[in-house]
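Read off the chains here:
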Amino acid sequence: MLKQMEGSVAVAEAVALARPEVICAYPITPQTHIVEGLGELVKAGKLQNCEYINVESEFAALSVGIGSSSAGARTYTATASQGILYMAEAVYNASGMGLPIVMTVGNRAIGAPINIWNDQTDSMSMRDAGWIQLFCETNQEAVDVHIQAFKIAETLNVPVMVCMDGFILTHAYERIDMPEQAQVDQFLPPFNPRQVLDPAHPVSMGAMVGPEAFTEVRYLAHHRQLQALEVIPKIAAEYNAIVGRDNGGLISTYQTEDAETLIISLGSVIGTIKDVIDDRRAGGEKIGCVAIRSFRPFPIAAIREACSKAKRVVVLEKCFAVGLGGMVASNVRMALATQPLPVYNVIAGLGGRPITQKSLHKLFDQAAADSLEGLHFLDLNHEIIERELERERLEGCSGAVAENILRGIGAVAASKV
Amino acid sequence: MTQLIDKKIGADSASGNQQVKFYQTGTYTVGNRLLDENQRTVQASLDRSNALDSGHRACQGCGEAIGARYAIDAVMRATGNQMIACNATGCLEVFTTPYPETAWQMPWIHSLFGNAAAVATGVAAAMKVKGKKAVRVIAQGGDGGTTDIGFGCLSGMFDRNDDVLYICYNNQAYMNTGVQRSSATPPGARTATTMPVGPEPGNVFGQGKNVPLIAMAHGIDYVATASVHDLHDLERKVTKAMTFRGSRYIEIFVPCPLGWGSKPCDTIKLARMAAECGLWPMLEAEYGELTASYKMRKPAPVTGYLKLQRRFAHLFKPGQEERLAGMQALADKNIAKFQLLEKGEQA
Chain A
0 MLKQMEGSVA VAEAVALARP EVICAYPITP QTHIVEGLGE LVKAGKLQNC EYINVESEFA
60 ALSVGIGSSS AGARTYTATA SQGILYMAEA VYNASGMGLP IVMTVGNRAI GAPINIWNDQ
120 TDSMSMRDAG WIQLFCETNQ EAVDVHIQAF KIAETLNVPV MVCMDGFILT HAYERIDMPE
180 QAQVDQFLPP FNPRQVLDPA HPVSMGAMVG PEAFTEVRYL AHHRQLQALE VIPKIAAEYN
240 AIVGRDNGGL ISTYQTEDAE TLIISLGSVI GTIKDVIDDR RAGGEKIGCV AIRSFRPFPI
300 AAIREACSKA KRVVVLEKCF AVGLGGMVAS NVRMALATQP LPVYNVIAGL GGRPITQKSL
360 HKLFDQAAAD SLEGLHFLDL NHEIIERELE RERLEGCSGA VAENILRGIG AVAASKV
Chain B
0 MTQLIDKKIG ADSASGNQQV KFYQTGTYTV GNRLLDENQR TVQASLDRSN ALDSGHRACQ
60 GCGEAIGARY AIDAVMRATG NQMIACNATG CLEVFTTPYP ETAWQMPWIH SLFGNAAAVA
120 TGVAAAMKVK GKKAVRVIAQ GGDGGTTDIG FGCLSGMFDR NDDVLYICYN NQAYMNTGVQ
180 RSSATPPGAR TATTMPVGPE PGNVFGQGKN VPLIAMAHGI DYVATASVHD LHDLERKVTK
240 AMTFRGSRYI EIFVPCPLGW GSKPCDTIKL ARMAAECGLW PMLEAEYGEL TASYKMRKPA
300 PVTGYLKLQR RFAHLFKPGQ EERLAGMQAL ADKNIAKFQL LEKGEQA
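Quick mapping for you: the protein sequence lines, in order, are chains A and B. Sequential numbering from 0 applies to the first sequence in numbering that gives the first Met the number 0. Sequential numbering from 0 applies to the second sequence in numbering that gives the first Met the number 0.
One chain only, chain A, in its complex shape (with noise of 0.2 Å):
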């Protein structure tokens, strides 16, 4: 059914519609309308069986996450920014435990600096956790991907990560159509767990591990993650052929047959990458994206294959390693190792920054000229840059830099008074 709705409240139907039996929920740190619209459901009784917990932390949300999943309930909870980060240890228990939860992450920026906007450093913090990341371009993208996403975590016993832009997916109003109920049953059979704490079958759950068998079990977390490869696309054409919408798979592609430069991006940037695209194809550039949809596991494969006729890459991110450059990057040029091609890494859009057609255009200019540096930061700001450089250099180090910043650059003119 088509509606018009908010991406977080079309996210909670779309939840609702896989029959959670567990979500657990922490407001702040901050949280979405999903949780809200959830509670919502299960209060009015249009989501039946299903207990909501409000909890007093991030760390606790999870943790009752874990303790629902072992005992058969399929469990769903929802977070962002610093949330993640304080439940952190139990992001890695849970799948550690092989625990098919399924959490949205609303992606936003980490502090400090605070900063409640988007990007993506927080689900990028937690990509080597052992859970399966699922990244979407539209809103539409996030109402199916997150009914598969609880199909994929049950197939694999593997926690499943659907991460979609903060406020600009979130809390954007889109066009939906929403799958019907008997669609999503037919595709999402009852969870059924291949053990459970049970009385009746007692077992021992969350062992100590010795050196004698920590990596075998580290092994198999790898293993199962390569077959996810194989698994996410299935389930992505079981959904195709009940729902009718080819919204899934490890990543997907526009324009990219006959391209010479390739844009790799992955959420909701890659909307208007296309539209740059159209407007440079129309030009005559062989230009062309590819979106990561699965960052974990890493579609190694795909990528090389989708790379393998471009003449450069670049790979566009929202999220920063600081000492290092892009994780993104550093992911691509992992796969393209036996690839000669330069691939441009540009950080684009921390903590909120609009990435505008414009600024690509000029980046895109200068990665058709190959003049891009291999690390290149869009639209930074200079001038601010050297302003407090040049600070520094006069006044010693100062532990401040954010407010030193705000404060040349007049945000904080009040506090002057």
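Be careful, since some hints might not be right.
[To be verified] Partial list, computed: chain A residues near chain B (C-beta under 10 Å):
{"id": "1", "residue": "Ile52"}
{"id": "2", "residue": "Gly64"}
{"id": "3", "residue": "Ala72"}
{"id": "4", "residue": "Gln139"}
Treat the hints as calculated values from the structure; they're not laboratory data. In this text, a Cβ means the ideal position worked out from N, Cα and C, and glycines have one as well.
Following the hints, complete the assembly by docking chain B onto the known chain A.
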């Protein structure tokens, strides 16, 4: 799942195939056979569950192993084996489940150090949603996992009044990691982080948390303190706790020979002495109100209890008289505050 270890229980014990060992037959501790049937302890029954099987790796004289065995067996009897336990990281977790073995005879999960209460909330929610109302959930951990790192989750569970019994085995420090101070470490005690050096050796006075009182302040259904020297009382309190459907908290005093520098054979003796000098008040409370306390006729001086433990040895050195008196003052305060003296008796 990482590692899942199938165990058979229930059926075997019910059919009498299980080998039953009576460690202290004839004593009141385990259940005098001369007592009426209904007065005997869980342990006196052939149908007891052996929740914590023999062969685990606790130290000699471990108070926690005794406390856990009696507490969980009591829960299993109260629920007809329909129970699930969630364990915090700590001694109890480590000595019971070294891969690929487990000493537990009931469904058991360990997740993290600080989240046992939240995991229990999740298991209880799953039982509710699955319609398994008969299956009861407990959480358990040491004092570090309860009063310090797990306190946020514990308080959250109390706040929601989730149907979980939380059992804290209090041995008054982080024993599993090498005897460091917790917020349950008593003043004066030597730990690896409160060494007996300087003008004020051992743990500082005037700090620490009393979690039973904090639990009462949440207004939860039932709070009790118990001890391994009175296992009959411990069983009774656990059994009573299982009659409530909200949050319940029981803190069990479990001496630790390793961390306390005491003889393994003195574990039960030390537990009794702590109660009889007033340093470990045995209380019960319902819905935030104190309902009962262990009564004594004449309190023993704290020195007898302290002297048997190397962690307090520095308090008996010259110049420490004031701090030793401070320990007695703590006991006296408990006696007055919780009315531990029988009527008509004076300290």
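So, going through the hints one by one against the coordinates:
1. Annotation: interface hint on isoleucine 52 of chain A holds; nearest CB of chain B at approximately 6 Å, less than 10 Å.
2. With 10 Å as the threshold, the beta carbon of glycine 64 of chain A comes within range of chain B, its nearest partner Cβ sitting at about 6 Å, so the hint holds.
3. The interface hint given for alanine 72 of chain A is met, as the beta carbon of that residue sits about 4 Å from the closest beta carbon of chain B, less than 10 Å.
4. Taken as an interface hint, glutamine 139 of chain A does not check out: its beta carbon lies about 30 Å from the nearest beta carbon of chain B, beyond 10 Å.
In the structure shown, a violation is registered for the earlier hint numbered 4 alone.
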